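Colleague: Okay, here's what each chain looks like letter by letter:
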Amino acid sequence: MDFVTIIDYIGTFAFAISGVRLAARKNFDIFGAYVVGFVTAVGGGTIRDLMLSLTPFWMLQPSYIIVTAIALLTVIIFKKWIVRLEYTFFFFDALGLGLFTVVGVDKTLAAGFPMWVAMIMGCITGAAGGMLRDIFINEIPLIFRKDIYAMACIGGGFIYWLCRKLGTPMIIVQSVAALSVVLIRVLCVHFKINLPSLSGDGSSQQ
Amino acid sequence: MDFVTIIDYIGTFAFAISGVRLAARKNFDIFGAYVVGFVTAVGGGTIRDLMLSLTPFWMLQPSYIIVTAIALLTVIIFKKWIVRLEYTFFFFDALGLGLFTVVGVDKTLAAGFPMWVAMIMGCITGAAGGMLRDIFINEIPLIFRKDIYAMACIGGGFIYWLCRKLGTPMIIVQSVAALSVVLIRVLCVHFKINLPSLSGDGSSQQ
Amino acid sequence: MDFVTIIDYIGTFAFAISGVRLAARKNFDIFGAYVVGFVTAVGGGTIRDLMLSLTPFWMLQPSYIIVTAIALLTVIIFKKWIVRLEYTFFFFDALGLGLFTVVGVDKTLAAGFPMWVAMIMGCITGAAGGMLRDIFINEIPLIFRKDIYAMACIGGGFIYWLCRKLGTPMIIVQSVAALSVVLIRVLCVHFKINLPSLSGDGSSQQ
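Chains as they are written, first to last, in the numbering used here: chain A, 294 to 499; chain B, 294 to 499; chain C, 294 to 499.
Note that these hints are calculated values from the structure, not bench results. Nothing here was measured: the structure is a model prediction, and the numbers come from that model. Be careful, since some hints might not be right.
Which copy is meant is left open, because identical chains are indistinguishable; a pair holds if it fits in one copy or across any two.
Straight line, CA to CA, 30 Å or less: simulated DSSO-like cross-link-like pairs of lysine-lysine [as the list claims (entries may be wrong)]:
| no. | residue 1 | residue 2 |
| --- | --- | --- |
| 1 | Lys319 | Lys485 |
| 2 | Lys400 | Lys485 |
| 3 | Lys400 | Lys319 |
| 4 | Lys373 | Lys400 |
| 5 | Lys372 | Lys319 |
| 6 | Lys485 | Lys372 |
| 7 | Lys458 | Lys400 |
| 8 | Lys373 | Lys319 |
Next comes chain A alone, as it looks inside the complex (with noise of 0.2 Å):
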């Protein structure tokens, strides 16, 4: 198992974890929070995959399904501590959020499309699993209100086109690029650091 898998199934299961979570507090089942944290992880890659008319990754290997079971089981027995290590939730979420942006950049022009689609393939493959978990709990989706999140993946976008016009290697392309993702998430929850929304009173009567 190399470096990349390892980071692949981390940001799997922090993503498996918020949808079980989530689903938790609005008393679903647990085959029901199965799902949703299924959804979760794999969800952006699925649209992704379908998108570039690719079978869904998830549908290749068994291993997706097994660490969602495992984030499952997390979830049921430390409930008690997880509350506790919710920065370090943040942490491999921001890690997984990195990572699924680079393989969907990757895997985008891996399937010959132009950099500016894999940029929006990336951010669909970091961002569209949490804004199903929002739709399937029926929450207006986080991502659309709160934070930089789907922000942090057009800006890894941007340096993985930068160093990739430097030259760069491509497994340093990558780190960057994931790292960035992780970087603008981190500092912009650290500092506040909010786009601003567009309430106007304008638009506000239809």
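Guided by the hints, dock chains B and C onto chain A, whose structure is given.
Modeller: Then chains B and C, alone, in the frame of chain A:
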């Protein structure tokens, strides 16, 4: 028209009725109710077909849009009686769930995927239509919170796998698996067997 | 740039504006508003293309992400005036609906499907973007409850089919069908013509 086709139409009809009725309770207009009924009936199979890179099954013959139209007419004409037929519809719905599960498993194996993917696709075929219905009418999907529903599909998929391992002829594998789903569903509702919920103190503060 | 392309961009612009404005009213941030605007504009065509096993149209040229960006800027800059332009946007929206319907019908027939599938795809192309928008902002899709909207697409598809049966030249078939959608939509709103709702006493207790 063979036996499976008849059961397939009965399942489609029962699923469409459930969509139309829930839409009616939310004051949808006739066209909206038709759309919700149609999505409930064919939504699961459509997601399955997109993931298997196949053309959605209902685009290949008009029978499913016709069955949904009959379901809509049935609700309009017989709405006074339909409430009393609650149990009848519950039984049709369980029957549809069983058959849809088996259709999903069959189609996925025929597309060359392993059994564990087929079990997931069987579950999606049976349960995702009802999930889309609940998202459309802006409710938290019922299947995540109440009764054994999607889990019955997983159970049926497991029985399918078991029978095949034992070398049972295909027609018996399919029948036994579909009946298992119906039985699990009916018995769990009858004896009020539910999966435990995950609501925990620890996980309730995010 | 030919006439159809111009109308296509106008429709995209109008749909994007409607998404951005509704997102603004829900306090989405700028990026969230952009995403909702984009999904409103291209969501219907994307679902159509996935069902036809085609690459989503907006991935083939960047104009749609640019038009959406212009729509976002327009709302930001002119938000005081945009309310007064309500009727103008309503008209653009109806124009977009008409053209999107015809594009959907054309593309589906070109992919070798029969007319009834093309009519459904025309309807999905025109109306599904607005439906996704409403799911994203956590509202019950308006198109299911108010006004003749998706039904106008079905009407346009029917006119398309009728004109083709009569041997009308293609450019006239397309124009007449698109205009029918606009006309049905505008007249129904003007004269407050609605489809009957299905709210029934019988079906309200489940």
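Colleague: Decide, hint by hint, whether the structure agrees.
Modeller: Hints, one by one, checked against the model:
1. Lys319 to Lys485: both (27 Å within a copy, 20 Å between copies)
2. Lys400 to Lys485: neither (32 Å within a copy, 47 Å between copies)
3. Lys400 to Lys319: Neither, since 35 Å and 34 Å both go past 30 Å.
4. Lys373 to Lys400: neither (39 Å within a copy, 43 Å between copies)
5. Lys372 to Lys319: So lysine 372 and lysine 319 pass the 30 Å test inside one copy only (15 Å; across, 33 Å).
6. Lys485 to Lys372: both (28 Å within a copy, 27 Å between copies)
7. Lys458 to Lys400: This pair counts as within: shortest intra-copy Cα distance 18 Å, inter-copy 37 Å.
8. Lys373 to Lys319: Within. Shortest intra-copy distance 17 Å satisfies the 30 Å Cα cut-off; inter-copy 34 Å does not.
Hints 2, 3, 4 from the earlier list are contradicted by this structure; the remaining hints agree with it.
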